[in-house]
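If you want the building blocks of each chain, they are given just below.
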Amino acid sequence: MTLIAAPPSVTALPTDVRLRDAALACIGRFGLAKTTVDDIAREAGCSRATLYRYFDGKPAIVRAMLVAERDRIIDALVDAGRAAPTFADAVVEVVVAGARELRAHEALQFLLAHEPEAVLGHLAFGPGDRLLTAVGDAIAPAFDRWLSPAAATRAGDWLARLVRSYVLMPHPPVDFTDPIAARAFLRQLVLPGLSSLGLAESREPS
Amino acid sequence: MAGDDARPRVLRGAYECIAREGMAKTTVDDVAAASGVSRASIYRLFPGGKDELLRETVGWEMDRFFLHLGEELGDAADFPEFLERALPLARRELLEHAVLQKVLETEPDRLNALITVQQHRVIGAIAAYFLPLLERDRDAGLVAADVDLAPVAEYVARLCLSLIASPGRHDLGDPAEVRRLVRGELLGGVLVV
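These protein sequence lines map, in sequence, to chains A and B.
Residue numbers for the first sequence follow this note's numbering, beginning at 1 and rising by one.
Residue numbers for the second sequence follow this note's numbering, beginning at 1 and rising by one.
Accuracy of the hints is not assured; some may be wrong.
Far from chain A by the CB rule (all over 12 Å, computed), these chain B residues [to be verified]:
#, residue
1, 4
2, 29
3, 38
4, 41
5, 56
6, 65
7, 98
8, 135
9, 147
10, 191
Keeping only pairs whose Cα atoms sit at most 25 Å apart, straight-line, the calculated DMTMM-like set for lysine to aspartate or glutamate is [as the list claims (entries may be wrong)]:
#, chain 1, residue 1, chain 2, residue 2
11, B, 102, A, 129
12, B, 25, B, 109
13, A, 58, A, 79
14, B, 25, A, 117
15, A, 58, B, 109
16, B, 25, B, 56
17, B, 50, A, 115
18, B, 25, A, 115
19, B, 25, B, 51
20, B, 102, B, 148
21, A, 58, A, 21
22, A, 58, A, 71
23, A, 58, A, 106
24, B, 50, B, 21
25, B, 102, A, 117
26, A, 34, B, 109
27, A, 58, A, 38
28, B, 102, B, 63
29, B, 102, B, 171
30, B, 102, A, 115
31, B, 102, B, 21
32, B, 25, B, 61
33, B, 25, B, 107
34, B, 102, B, 52
35, A, 34, B, 107
36, A, 34, A, 106
37, B, 50, A, 117
38, B, 25, B, 71
39, A, 34, A, 56
40, B, 50, B, 105
Simulated from the structure, these hints should not be mistaken for lab results.
Think of the CB as a built atom: it goes at the ideal place given N, C-alpha and C, for glycine as much as any other residue.
Build the full structure now, drawing on both the sequences and the hints.
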C-alpha cells in the first residue's frame, strides 16, 4: 500500500483502466479476500467516491480486470503465433508466451498459492470445459496462417490443455517458460499429432 | 495396534464417511468409528490429520477407479485401443460416480484442489499404469524404438485426465472423435505410422 502518487504516465491513463490495474496490483500483493475498495482507490490514486462513479464495488472491478487480463494475454499469444515463420514455431511461441504470462502473473500466482478456491473452481470439471473451449476459440487465430479454422481451433484447445496442466499445476516435468525445453518437448510429443490432424486442411502461409 | 491392513481400512472408512457426510463434516473420530481403527493409530498413519486423510482417500478411490478400468480393458490388443475404450468409459463412470458428483455439487473447492494443484499424485499413478502398455507396444514395433517412454506416459496421463474431467469440445461418446484424439493429439508423436 503506497500513498505516493503514481507517476504521470500512469495517471494519464483513463480512470477505469487505472482502477483495473490497481485491483490487479492489490490482489497480487494481498490476495482477493483481503483487498478492499479502499486499497484499490488508494493504489489508483483516486478517492473512494471516484471509484464508485466507475464501478459498483469490488466484484465489478475484479470482473472488469479479469476481462482485461484475459484479452491482454490472449492478444499476446495470438501475436506471438502470427509472428512465427512456421506452424511449428507458432506452437512453440504460443506455449512459451502462455507459460511466461501465467508464471509471471503475480495475482494469479498469489491466488494459486494462498487462495486456491478463488481460482480452481474456474479451472476444473464443468467450468474447465467452458474455459478450455473459450481459450481454444480465442487463440485459434494464432494458427490461421497455416490451418483451417476447425484445425486451428483444435490446436488451440490442445495447447490450452497443455498449459493448464504443465504450467498452472505444480511439479511439471518440463518448464515451458524455457524455449529450448519447450521446443524439444513439443516437437517430439505434440507437433506430430497437431500436424497430422491439420495437414489435410492446412494452407500455405499467405 | 494397527495391523498391516489398517491403512486400507482407514481409507475405506473415510470414503464411507465422505459418501455419507461430505468432506467438511467428516472428522477423524467419525473415521475411527467407521473403520474400527483408533484415533491414535489414524494419526500415526496420517500425521497430517484430516487434510492428509482426505487427500489420501481421494487418491485411494482414484486408484480403485483405475484398477477397475484396467480390469475392464485388460484384453485391449494395444495401447491405442486401450485408450480408445478407456476414455469414454472413464468419462461415463466419472459422471455416474455418486460420491464424486455429490462432493462436486456440495464442496467443489475441496475436490477441485485435490484434482488440480494436487494432481501430480494421480498423474504419477496413471503414468505408472500406462508405461508398461507403451513398452509392450514398442516391443511389438507399434511405437518408435528410440523414444524415452516415461515422459510419454506422463504426457498421455495428464492429457487423458484433462479430457476425462473436462472434455470441452471433444465428444468422448463419439468413437471416431476418440480415435482421432488418441491417434492424433495423444499418440501422434510416438506411433509408428
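These are the hints, each one checked on the structure:
no.	hint	verdict
1	4	holds (30 Å)
2	29	holds (26 Å)
3	38	holds (32 Å)
4	41	holds (30 Å)
5	56	holds (18 Å)
6	65	holds (15 Å)
7	98	holds (15 Å)
8	135	holds (17 Å)
9	147	violated (7 Å)
10	191	violated (9 Å)
11	102/B <-> 129/A	holds (19 Å)
12	25/B <-> 109/B	holds (14 Å)
13	58/A <-> 79/A	violated (31 Å)
14	25/B <-> 117/A	holds (18 Å)
15	58/A <-> 109/B	holds (22 Å)
16	25/B <-> 56/B	holds (17 Å)
17	50/B <-> 115/A	holds (19 Å)
18	25/B <-> 115/A	holds (21 Å)
19	25/B <-> 51/B	holds (12 Å)
20	102/B <-> 148/B	violated (40 Å)
21	58/A <-> 21/A	holds (13 Å)
22	58/A <-> 71/A	holds (20 Å)
23	58/A <-> 106/A	holds (19 Å)
24	50/B <-> 21/B	holds (14 Å)
25	102/B <-> 117/A	holds (18 Å)
26	34/A <-> 109/B	holds (19 Å)
27	58/A <-> 38/A	holds (10 Å)
28	102/B <-> 63/B	holds (19 Å)
29	102/B <-> 171/B	holds (23 Å)
30	102/B <-> 115/A	holds (23 Å)
31	102/B <-> 21/B	holds (10 Å)
32	25/B <-> 61/B	holds (19 Å)
33	25/B <-> 107/B	holds (11 Å)
34	102/B <-> 52/B	holds (20 Å)
35	34/A <-> 107/B	holds (23 Å)
36	34/A <-> 106/A	holds (15 Å)
37	50/B <-> 117/A	holds (18 Å)
38	25/B <-> 71/B	violated (33 Å)
39	34/A <-> 56/A	holds (18 Å)
40	50/B <-> 105/B	holds (21 Å)
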